[in-house]
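*Asks:* So you can see what is in the structure, the chains are spelled out below.
Protein chains: 2
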Amino acid sequence: MDNFRFYSPTKFIFGKDTEQEVGALAKEFGAQKLLVHYGGGSVVRSGLLERVRKSLRTAALDYVELGGVKPNPEDTLVYEGIKLCLKEKVDFILAVGGGSAIDSAKAIGLGACYEGDFWDFYAGRSRARKTLPVATILTIAAAGSEGSESSVITKTDGMYKRGYSDDLIRPVFSILNPALTQTLPAYQTAAGSADIMAHIFERYFTNTGNVETTDRLCEGLLLSMLREVPKVLADPDDYDARANIMWAGTVAHNNIVGVGREQDWCSHALEHELSALYGVTHGAGLAVVFPAWMKYTMKHDVMRFAQLAVRVFGCEMDFFNPERTALKGIARLEQFWHACGLPVRMEEIGGKKEDIPYLVEHLELDGATRGSFVPVGADEAADIYELMFAD
Amino acid sequence: MDNFRFYSPTKFIFGKDTEQEVGALAKEFGAQKLLVHYGGGSVVRSGLLERVRKSLRTAALDYVELGGVKPNPEDTLVYEGIKLCLKEKVDFILAVGGGSAIDSAKAIGLGACYEGDFWDFYAGRSRARKTLPVATILTIAAAGSEGSESSVITKTDGMYKRGYSDDLIRPVFSILNPALTQTLPAYQTAAGSADIMAHIFERYFTNTGNVETTDRLCEGLLLSMLREVPKVLADPDDYDARANIMWAGTVAHNNIVGVGREQDWCSHALEHELSALYGVTHGAGLAVVFPAWMKYTMKHDVMRFAQLAVRVFGCEMDFFNPERTALKGIARLEQFWHACGLPVRMEEIGGKKEDIPYLVEHLELDGATRGSFVPVGADEAADIYELMFAD
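Keeping their order, the protein sequence lines are chains A and B.
Heads up: take any position in the first sequence, counting from 1, add 128, and you land on the numbering used here.
Heads up: take any position in the second sequence, counting from 1, add 128, and you land on the numbering used here.
If you are wondering where the hints come from, they were derived from the structure by calculation, not from laboratory data.
Treat the hints with caution; some may be incorrect.
Repeated chains share a single entry, so a pair holds when one copy, or any two copies, can fit it.
[Unchecked claim] Pairs of lysine-lysine, DSSO-like flavour, derived with a Cα cap of 30 Å:
(1) Lys-155 with Lys-258
(2) Lys-155 with Lys-139
(3) Lys-359 with Lys-427
(4) Lys-456 with Lys-427
(5) Lys-258 with Lys-161
(6) Lys-161 with Lys-359
Using the sequences and the hints, build the whole thing.
*Replies:* Here you go:
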């Protein structure tokens with residue numbers, strides 16, 4: 129096991145009606161003037177935003193609002209948020225929504241405390257020293273940003289997606305009410321679940337040996353997802369299943385199951401290009417990428433894939449042909465995602481083989497590689513994109 | 129799933145040689161004058177205490193020392209520590225050792241910030257508002273106190289063991305170097321492992337339905353323990369196995385796998401009396417208590433026991449006689465602990481049947497019950513103690 133540091137100081141408030149506590153909590157964390165940051169439609173339509181406003185008013189807290197966050201949140205809105213924070217002397221940001229609203233809020237928090245351009249952090253040119261505190265009210269179990277140290281923003285000039293990671297930007301508190309996810313369309317629920325599973329896979333496939341405790345924790349989360357996701361797709365109002373998925377989504381990405389081991393993250397990079405080019409939902413894109421990535425990298429460590437197949441996908445071990453077991457596990461993953469209504473092939477998201485050179489070029493590898501389980505350069509990336517198409 | 133709050137702001141620094149960072153870390157957390165609190169022998173003999181002193185001096189930090197913590201730490205040393213903190217104007221406590229040193233440090237931290245008697249908190253007469261920050265350097269994987277919100281102290285007047293739980297007393301940082309545990313005697317390693325497994329069982333046996341995510345996380349930790357503990361008993365220098373156990377011990381008790389579900393904790397109460405009367409190591413006592421408690425409560429929810437037997441102990445499900453499966457799981461647990469060199473029957477720790485009335489009386493139930501999976505009153509406690517003896 130590798131040496132590591134783990135610091136997750138986010139306070140989680142989990143359960144029914146917990147969004148009503150947001151005003152009191154923000155006050156407890158020292159907020160005086162908040163920026164309430166959100167997307168649009170559902171947060172307003174469901175009455176959630178109104179309940180948040182009421183709770184803030186009850187706590188005698190002042191606030192301004194900035195809506196309009198879109199999936200794959202963009203730098204333009206971040207700049208707008210930073211300007212608003214400075215003008216209104218905001219000292220606390222509350223994101224209401226999913227990963228996009230939260231990631232955008234994290235970027236605004238950083239930018240509001242920095243003389244230069246917030247993009248410096250995402251471009252890897254600078255490390256942050258300060259941020260406005262960010263809190264969240266989560267409305268979809270997916271990105272894990274409610275407990276994570278990371279944020280991903282898209283630069284509209286060129287549509288480059290870049291991330292910044294720092295314990296500094298972990299939310300100070302996150303309100304997780306599974307009931308708020310009950311109104312999600314089935315496709316969004318499924319895509320969010322694929323995102324959660326992908327976060328686990330990115331950690332699971334590692335070259336670090338002897339990491340049984342985190343292996344088992346990762347497998348436990350995956351097993352729970354395999355059981356709970358079909359339940360919510362069959363009955364969107366299954367609160368307990370929603371709750372199990374929501375907590376799994378947080379634990380999958382706050383990194384307690386990923387410490388002490390090399391992680392991969394190549395598939396996320398490959399997916400970002402699919403979202404950018406085809407507008408596919410991130411989680412659905414991951415359902416296309418991962419099976420292909422797995423088939424491509426499988427031979428690098430067949431036994432790790434066989435372990436996943438046996439322990440998580442209930443395959444019987446073929447002791448004389450572990451590769452067969454490994455492949456069966458990948459096939460079961462595809463079947464699971466398909467049964468959830470997700471795409472698992474490029475054709476299903478409008479992908480075209482002739483786009484591969486563009487996708488690879490846009491990865492901006494510049495001779496470098498992505499991922500660590502198997503380092504993926506331009507040639508390998510092209511091969512993996514190729515594997516995403518039906519034979 | 130029940131509503132819950134989860135707040136674990138401890139910074140974990142995990143891996144080889146990490147104890148050398150203690151001075152810099154304490155400084156980062158604002159320490160100026162420390163109390164270094166420890167047990168005795170091994171911390172001194174191994175040179176660890178000397179390395180700690182050196183690191184503190186290098187960071188130009190002032191410190192005083194208080195050794196002498198014993199297993200089942202006592203209030204008398206806590207009072208001494210409080211007095212020392214006040215006299216020396218200590219502003220930070222560093223516990224070097226296992227659960228006893230850490231629990232004692234937590235009590236001292238509370239007492240040093242409180243006008244009244246620190247025992248008020250442990251007796252349930254008051255809630256704490258302030259504490260001195262406590263940090264830890266862990267030397268045994270067992271109690272989980274390095275990441276937990278709890279502390280257990282024994283009142284020497286009557287030998288009553290009582291606990292206090294509060295997020296306030298979670299350590300600010302914990303240094304976990306698995307190599308420090310390599311010199312432990314096999315029996316202590318095994319007893320520590322049983323303590324870790326017991327912390328999982330206390331959470332696992334619940335009346336809260338539909339808690340698949342935390343069930344799976346608990347099972348994952350147990351599966352890892354079943355694989356890793358025999359490895360360290362066979363080869364005490366197996367660093368990776370030590371590391372897997374150490375992280376499992378922290379995760380088992382910082383409560384991330386226990387949230388949203390009723391927990392039991394009756395077995396810990398029953399064991400405290402065994403430690404008090406027979407001087408048995410806490411973890412070894414738990415190895416005696418748990419099988420008996422399981423046999424006694426099994427019929428309350430046979431399917432939960434069958435689930436444990438199948439998922440963790442690799443038993444085949446007897447669909448027409450789940451009770452048989454459940455019993456097989458308990459038998460395998462006993463075999464596992466016995467193979468680790470731990471006792472699983474009263475006779476092995478010098479227990480006598482005629483002591484049962486004393487043990488029960490000393491539980492101080494006063495008509496109340498312990499545990500929640502199955503509430504245990506005086507009669508039930510007597511029955512469970514009875515089951516701890518060989519037939």
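*Asks:* For every hint, state whether the structure bears it out.
*Replies:* Verification of the supplied hints:
1. For a Cα distance limit of 30 Å, the shortest separation of Lys-155 from Lys-258 qualifies both inside one copy, at 20 Å, and across copies, at 19 Å.
2. In this assembly of identical chains, the alpha carbons of Lys-155 and Lys-139 lie at most 30 Å apart whether taken from the same copy (14 Å) or from different copies (25 Å).
3. With identical chains, the CA atoms of Lys-359 and Lys-427 are at most 30 Å apart between copies only, with a shortest distance of 28 Å across copies and 34 Å within one.
4. Taking the closest pair of Cα atoms, Lys-456 and Lys-427 come within 30 Å of each other only inside a single copy of the chain (14 Å); across copies the shortest separation is 38 Å, beyond that limit.
5. Both within a single protomer and between protomers do Lys-258 and Lys-161 lie at most 30 Å apart by alpha-carbon distance, with minima of 18 Å and 27 Å respectively.
6. Taking the shortest alpha-carbon separations for Lys-161 and Lys-359, neither the intra-copy value of 41 Å nor the inter-copy value of 55 Å comes in at or below 30 Å.
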